[in-house]
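So the chains spell out like this:
2 protein chains.
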Amino acid sequence: MTAAVNREIHLAARPHGWPTAENFRLVETAVPEPGPGQLLVRNRYMSVDPYMRGRMDDVKSYAPPFALDAPLDGGAIGEVVAGDVDGFAPGDLVLHGLGWREYALVGAASARKVNPDLAPVTAYLGVLGMIGLTAYAGLLDVARMQPGETVFVSAAAGAVGSLVGQIAKLRGAARVVGSAGSPAKVERLRALGFDAAFDYHDGPVRDSLKAAAPEGIDVYFDNVGGDHLEAAISALRPHGRVAICGMIAQYNAATPPAAPRNLALVIGKRLTLRGFLVGDHGDLRDEFVREMAGWLREGRVAYDETVVDGIENAPEAFLGLLRGENLGKMLVRL
Amino acid sequence: MTAAVNREIHLAARPHGWPTAENFRLVETAVPEPGPGQLLVRNRYMSVDPYMRGRMDDVKSYAPPFALDAPLDGGAIGEVVAGDVDGFAPGDLVLHGLGWREYALVGAASARKVNPDLAPVTAYLGVLGMIGLTAYAGLLDVARMQPGETVFVSAAAGAVGSLVGQIAKLRGAARVVGSAGSPAKVERLRALGFDAAFDYHDGPVRDSLKAAAPEGIDVYFDNVGGDHLEAAISALRPHGRVAICGMIAQYNAATPPAAPRNLALVIGKRLTLRGFLVGDHGDLRDEFVREMAGWLREGRVAYDETVVDGIENAPEAFLGLLRGENLGKMLVRL
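Note that the protein sequences, when read in sequence, are chains A and B.
Residue numbering for the first sequence is 1 to 334, as defined by full-length UniProt numbering.
Residue numbering for the second sequence is 1 to 334, as defined by full-length UniProt numbering.
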């Protein structure tokens, strides 16, 4: 090891509404020594994800809140540099949950070796990892999309959304519509094979969705909430399903926006709205990896990455993600 | 036949917000003559139900809107008085869909003979009919209640709600909580075997529900929407389910009230919200009738009826239903 210093990002203060740079603090610590059963990992890539915004609040949720004045955490890929654990050797690349720091002390049970010859290592933080499984399980298991159906996905140029649209087409959707936040993203969606795409800044989502899917939709994969969800409820056909993956539109609202005023339509249309977390769908992982790896090999799935360099820029990468500045998966290279 | 005059209730004007007597008109017509395949039925009881409010608006929905200046319709039980149709004879009691009139001309295919020796005829408009099946299918098929769970039902002293609570107990719910709109109704719920009941006028629903189910709930059977649904979403435990049967709180709102502001909780708790119509659950009818008839025979299910006399009072019966003046099933005796 050449560096004796580890740099990590701490939560300095909880945000009210939109987080800012002041909510984070770059802290230098000594590189720790691995104890029994521990690996010292030099992180190479870390993930920033929308769900992390929720963990910055001090509320009970599915994941515990980040602690103040302690490093944040999240998905990361790094190289084992020390640690005497059976089955691991220096140089091994491992996937684990202690991002937001240059060096991580990882319990061996929490580390999963990844093979850089099968796919670029960043794929394990995205298309072949939790992100891909989120898209796959949400679309096929939660929303139970059937061939011939029309699918709408919001935040469609994001890491999850862009995969939802592509998986839908590969699994036989008749029509796939995506919404995104810029003309460049809309253009990218068309290149990815979406049948229609619109910029949600261009007018009421309800109108844009109606133009893009005049016959209505059967499935809505919700990453946004708010007016997107309301528009989808109006557009859904009888027996339509909504997989609710995220509601990024309201993560930063000090007062949550009104939920869809047309919610009563769920009765007459017999709609199902279902929230989900990818962690409940581990039973699909093997099937997912097999199918997705095949699609990647055949060049039938494309994925975008937006990479920011340096731990010191991780907060800005996260803030940029919340502002929608990423195309595809947002990563920090360490 | 002694009466040559038929009286029926027409929709005189579409309501804006709460309907009033002015939206209805009592009209006298000649008693019609049955044509081939038709039965002339002298109605004995007609049903008024909350869903009829939706049909008074001129909006596309699961059921077509009532036409202006024409009789309303809905569930009714009557006696065949004329008509030459195989399988039917004068004096037969039939269940059909042409209520809101004293005499109905019913296509034989739309009439179902009922046996008054098996159950009081009004039961076929309630506990053994669509009302009972709505409670049964919503609780067991839509919300998939499991033994040992905690169930909350709103409008619990109504026709559907009171059955939901009793079926839940009979099928092994650990705890059943109901909300209603008066102290007398709350008392009735306790007599029906509800473990806890509260008057929603007594304070925020969220607080009352928390007191009644401090450990949270697993299933919410929604007849009300609005603040009841919001409170339920807060109280639901992970993997909880909501069967959305009605949203009576908003049927009469000119502007729909805000939907639950805490809707984003569906993600972390992995909640499922599902709207349903009883018409989709006909496959359960035989099982339901068998099980419910058994419970009735054994005296394990009780049901209330609020009966108003005379076709001329049908509008007031319906308006009283919307105001919650009924205990159990609201019926009009003709």
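There's no promise every hint is true.
Note that the list lumps identical chains together, so a pair holds whenever it fits in one copy or between two copies.
What the hints assert, rightly or not - In the SDA-like style, the derived pairs of lysine to any residue whose C-alpha atoms are separated by at most 20 Å in a straight line are:
(1) K269 / M130
(2) K169 / V31
(3) K113 / R42
(4) K113 / D227
(5) K113 / A12
(6) K169 / F88
It is worth saying that the hints were derived from the structure and are not from the lab.
Results of checking the hints against the structure:
In the homo-oligomer, the alpha carbons of K269 and M130 lie at most 20 Å apart only across protomers (18 Å), although the nearest pairing inside one protomer, at 32 Å, exceeds that limit. In this homomeric assembly, K169 and V31 never come within 20 Å of each other (Cα to Cα): the closest approach is 47 Å inside a single copy and 59 Å across copies. Proximity of K113 to R42 under the C-alpha cut-off of 20 Å is restricted to the intra-copy arrangement: shortest distance 14 Å within a copy versus 78 Å between copies. Within a single copy, K113 and D227 get their C-alpha atoms no closer than 41 Å, and across copies no closer than 49 Å, so neither meets the 20 Å cut-off.
Taking CA atoms no more than 20 Å apart as the test, K113 paired with A12 passes in neither setting, with 32 Å inside one copy and 73 Å between copies. For the identical chains of this complex, K169 and F88 are neighbours neither inside a copy (39 Å) nor across copies (54 Å), given an alpha-carbon limit of 20 Å.
Comparing the model with each earlier hint shows violations of hints 2, 4, 5, 6; every other hint is respected.
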